[in-house]
Amino acid sequence: MQQHSHAGHAGGVRLAHHFDDLKQQHESAQLGMWAFLLTEVMFFGGLFLAYLIYRNLYPEAFLLASNQLNVTLGGINTAVLIFSSLTMALAIRSAQTGQGRIPQIAWLVLTVMFGVAFLVIKYFEYKAKWDHGMLPGPGFMAAGGHPAELFGEHVAGARIFFSIYFAMTGLHAFHMIVGIGIMAWMMISSWKGYFTPSNYDGLEMSGLYWHFVDLVWIFLFPMLYLLGAHVHTGAH
Amino acid sequence: MSANDNTHEEHHVVPLRHYFGVFFALIFLTFATVWTAKMDLGVFNTLVALTIATVKALLVILIFMHVKYSPKLVQTMVGASVLWLLIMFLFTWSDFATRGWLFH
Amino acid sequence: MGNQIPMFPENASTIAGQVDLVYLYLNLVCAVFAIGVVIAIVYFAIRYRRNPTHTAIQQVEGSHLLEIAWSVIPLILMMTMFGWGAWLYVHAVTPPKGAMDIYVVGKQWMWKVQHPTGQREINDLHVPVSTPVRLTITSEDVIHSYYIPSFRMKRDAVPGRYSQAWFEATKPGTYHIFCAEFCGTKHSQMIGKVHVLSAQDYANWLAGNLSGDTAEEAGRKLFEANRCNTCHHEQSGARGPNLAGVFGSQVQLKDGSTVLANEEFIRESILRPQAKIVAGFEPVMPTYEGQLSEEQVLQLVAYIKTLKGPAKEAK
Amino acid sequence: MSAATTDTQKPSYLMDGTTLKSWLLTVDHKRIGILYLIAITVFFAVGGLFAVGIRAELFTPKGDVFDSDTYNKVFTLHGVVMIFFFLIPSIPATLGNFLLPIMIGTRDVAFPKINLLSWYIYMIGGSLGVLLIFMGGLDTGWTLYPPFSSTYSNTNVALAAAAVFISGFSSILTGLNFMVTVHKMRAPGMTWFRLPLFVWGLYSTALIMLLGTPVVAVTVLAMFLERVFHIGIFDPATGGDPVLFQHMFWFYSHPAVYIMILPGMGVISEVIACFSRKRVFGYPFVAMSSLGIAIIGFLVWGHHMYTSGQSAYVNIVFSILTYIVAVPSAIKVFNWTATMYKGSVSMDTPMVYAMCFMGLFLIGGLTGLFCANLGLDIHIHDTYFIVAHFHYVMVGSAMFAYLAGLHFWFPKMFGKMYPEGPAKLSAIVIFVGFNLTFFPQFILGYMGMPRRYHYYPEEWQVLNVLSSGGAMTLSAGLLLGGANITWALIAGKKAPANPWMAKGLEWEISSPPITANFEKIPVVTEEAYAYPSQIPSPAHH
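Residue numbers (the working numbering), protein chains in the order written: chain A, 1 to 236; chain B, 237 to 340; chain C, 341 to 655; chain D, 656 to 1196.
So that you can see chain A by itself, here it is in the shape it has in the complex:
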C-alpha cells in the first residue's frame, strides 16, 4: 500500500530525478501499480483457494452457513461499492479534463463517503454475527451454543465457512480502510493542485487500488452471501 502512495507522491510533485521524462515516469508508476495489484490478486487468491477446496469438501455446510448471511445488506454494500467506483472514476476524469481541484475533491469526498458507508454496514453485519456466536473459535462448536443448534451435523464445515468469511471480508475491510486513508491523502494533494491533465499519476494509481478493492467484493458477494440464497431454512 505504501509503495502505491509513494508512486502517487512522486508523480504528484513533478518529474523525479531519476526519470528521463513524464512519460517514463507515468509508465513506470502504472506498471508498478499493476504489479502490486497482481500480488494482491495472489494474496486474496490463497483464501479463494481455501474457499474452493472447503466448499467442495463441505457443500451442505457451506449452503447452510451462507444462508446465515444477510443478502440485503450484502447487496446494498455491493451497490455502495459500485457507486464509489463510479465516483472514483469521475474524480480521475475531472483531473484528466482539467476541471480544477474543486470537482476532483468533491468526487473524492463522495468516494470516501461511500467507503465509510460500506464499513458501517459491514460493522452491523459483523455485530450481528458476533451476537449470535458465529465468530469462529473454540466456542463455535460448543454443544448448546447457537451455531451448534443451527448447523447440527454441519457445525465443523460451518465453522470453516465462517473462518473464511471473516478472513476474507476482514482483509477486504482492511483494504477499504487503507483506501480511505489514501483518498484523504489524494484530497490534500488535489487541494495543493498537484493533479493536472498532463500529470495525475497519484490519483490514477489510487483509483486502480480502489477499483481493485471493489473487484474483490464483486466476487466475495456471490461466493459468500448468495451461495445458499436458494435454500430456505427459515432462519433470518
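By construction, these hints were calculated from the structure, which means they are not laboratory data.
Watch out, some of these pointers could steer you wrong.
To be verified - Facing chain B, from chain D, some residues (calculated, C-beta under 8 Å):
#	residue
1	838
2	902
3	954
4	966
Quick caveat: nothing in here was measured; it's all calculated off a predicted structure.
Ideal placement from N, C-alpha and C gives every residue a C-beta, glycine not left out.
Place chains B, C and D on chain A using the hints.
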C-alpha cells in the same frame, strides 16, 4: 486499441456515457445475480453467479481501470494474474478431486 | 560399526531391490554427465588458460544444433527416469489383493499398532516373512510419517484421514522404524523396530501374545454398544443402509454419484455421516466425531469389513 | 564508450554524505545495497552459528550439547534465518540492488523510496526474527506445518509467522522495483537481448517474488489466525485439511528455491564470460532458460508432497513436470562449459568460486533428479538425502555464487582490491569443507537417517562425524574469507575502474561509482560480453 502505440493510449479520456453505462450495467447485474441466486438451479446456481461476477469484473477492469486503453504489458499482467490463480486452483483442486482414486 | 561404511540399508522387501536399481541407474546416468562436464571444465581451464603467448581468442556465438542436442538428450534420459520411477511408484502404492491388514496410529511420540488378530503393540511391529501386509495409517495429533528404510517404505500419518501403504518382507530380521515427519520434542525418539519373523516364529509370537479381542471382535462390541444395529439392519424400512457386504462395493449416493466403500469412506460415514448420503436414505445419523478414538474407529472399520452379505443391490 | 576517470569532481556514492542519517534515509540504490549487505552478513553469521550448533550436537548419536527441545529450536531457527533472512534477499537485495540500474544504464531503480522502504520492512521482519530467538524460539521446522505449528507447538509460532509475513513484503517490493526498472528504465540501445544475463536472472527472480510471495504471506497469515484465534482452517480437529496448507506453502516455497538460485546463475554467467573473455555461449538460450525456470518452477510444488497423502495421480503429474524443469538448468550448465571453449581462462578468485559453483551445482541439480523420482523419493523423502540435496543447491550453489559475485564486484562497490592469495585459499577451504559436510549426508540419507533427528542410531556415527568435521572446516574457510574482505575494506589497495578488463556498463564508470552512476546516460551500441578476439594489454593487475 493499438496497444503498441504508447503515446496514443496515454491519457485516454473515457466518455462520460461509458462510465455511466458501466455503472448502470453493474447495478443491473447485481440485481440479476441476487435474483438468479434465489432460484434453485442446481449446479447452475454457481455457474450463473460466477458468470455474472466475471462480466462485472471485466467491466470494472476494462473501463473503470482503463485496461482496455492500457499498454499491452499491463494487459499481459492482468492475464498473468488470472492464469497464475488458475494454476494454483487447478493443481490443488485436482489433488482433492482424485485422492480417492487408487490403482487396481 | 564395521570397517567399511555401508552405502545401502538392508534390502528386506520386495520393493527394496527395485528402488535400489532405480537409484543405481540414476547414479550411473548422472555420474556420466557430471564427470563429463567436470572433465570439460577442467580441460578447458587448462588448455585455454590465459598466458602471454596465447592471446588470440576465438569468439563462438553458439550453436542451435548443440542447444537442441543438450536439451533433448537429457530430456529423453530424464523421461526414462520418470517412467521407471512412476511405474515403480504405482507398484509400491497398490497393495495386492488379500494382503494382511494392520492398523497403525501415530501419536506424540509413539506408534500404536493393532493386528487383525487382536494383538497390539507399541513401537514394535511383528510381521510374517513373504506375506503382503497392508498398513492403514493415521494419527491422533500432528502429522507423523511411518518410515521403514529397509523396506524403502514411507507414508505420512495425517490426522483426520487414512493413509495406506504396503510391503512384503523378504528377509527375517529386525529393522528400524522411524518417524520421518517432524512432530515435536521427541521426534527422533519416535522410533521402533519391525521384526520380520518366519511363518513358524510368527505363529508362536501370535500365540504368545494373545490379547482379549481381535480388532473385528472389539469392533463388533462397539457396534453393539453404540446400538448401530438399531438403524443398520437388513429388514426393509431400516433407517440406515444395510452394512452386510458393503465394504468394497460401489455405493450409490443421493446426489447420483457413486463412491467406493473403502476404509476412508466408512471412517467418514461414522465421523461425518452427512458428508455422503447413500441413495434412498435420509441424513439422520448423528456424528460420532469426538466420541470414538482413532483406534475405536479402526476397530469398527475392521468389523464392518467382515460383514459378508448379498449387497448386490448396491450396484 | 570511454571509461570515466576516477578523479571527477563529483564524490563517489560512499562519500556523498557521511552522516548516519545520510545512510539511513538514502534513496540511492547503491547505498541501499550496502545496507542490505551489512544486515544480511549479520543474519548469515547468526544462521551459521545455529548450523555449527547442529553439527556439534550430531558429533555423537545421543544428545549431549542440547536437550531435544533446544535442538529442535536450533535447527528451526537455522532454517528460518538462512532462508528468509539470508538466502532469499542475498543476491537480489545486495548485488542486485547495487548493480541492476548500473547494468541497464540508468540512475536508480524505478521507485527509490520504495526500495528504502523494503529495507526497513526487511529490518522489521528480521528484528522480529531476532526477537523470536530470545522470546520462546520456534520448533516447527521452517516449513511451519499445521497442526503442529497451529496447535501443538509450545514455542512462539505467532511471532515467527509475523516475522515471515513482514519480511515477505520486503521481497515483494524488491521484486516489483526490479520488474518495473528492467521494463521501463533501460538506457537507449539497451534492448532485451543486450541485457547482461545477471539482469535476466534478476528479472526472472522478480517475477517469482511478485507471483509467489503473496501466497505464502496469506498462508502464514491464516496459520497465524488459527494459532492465535483458533478459527480453524487447517486443523483436522475442526474439519480442516492440513495438506491444503502444504499446497499453499509450497506454491511459494518451491519457486522460492529459484529465487535463491536464479540470481546466482546470473552471477556465474557474468563471471565465466569475464574470465574466459568470451561472449556467453548460446546467450539467448541462457537468458530464456531463466524465464523458463521461473515459469515452469510454479508447476512443480507437489514434489514436496509425494508421501503426504496427496493423490497418486497428481504425484505422477508433478513428477514429470519436475523432470521438465530440470532441462533449462541443464542448458545453463552446458552453455557455461562451452563458454570457456577457446577462451582465455584466468583463474582469479571470482572464477575459482564460479568453477566450484559449477561442480557443486552439478551435484545439487543432478541429485534433484533423484528426489523427483517417485519410486525413489518415497524412500529418500524427509531424510538426509534431501538435506544434502538442497544444501548443495542453496549453499553449494547460491552461496558460492554470492561469494563469486561479491569478489567480482567488490572493487566496483568499494573501490578497493582484496588480496588474491587469502581469497583463493578461503575459496578452496570452503569448497573442501562444504563437500566434507554434505556429501556424507547423501549416504546417510539413503541409509535412511531422517532429517531433523536429534538422536540417531550408532551405526551412522562415522558419517556424521565426517559431516560435522566438514562443517567446522567450512566455518573456518568462511571466517578466513570474511576476514580477508574486511581487511581489504580497511586497507585494500585502490581499485581501478575496470580491474578485470571486463565488459559491461558497470565497468565503464568509476570505482566506486558516483551517486548518479553515470556522468551522462550511456547509449548502448553493442551486445553484452562483446569481448575482442585479442587480449588488449598485458597489464593485467
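Consistency of the hints with the structure:
1. 838: Interface hint status for residue 838 (chain D): holds (7 Å vs cutoff 8 Å).
2. 902: 5 Å, holds
3. 954: 7 Å, holds
4. 966: 4 Å, holds
In summary, this structure violates none of the numbered hints.
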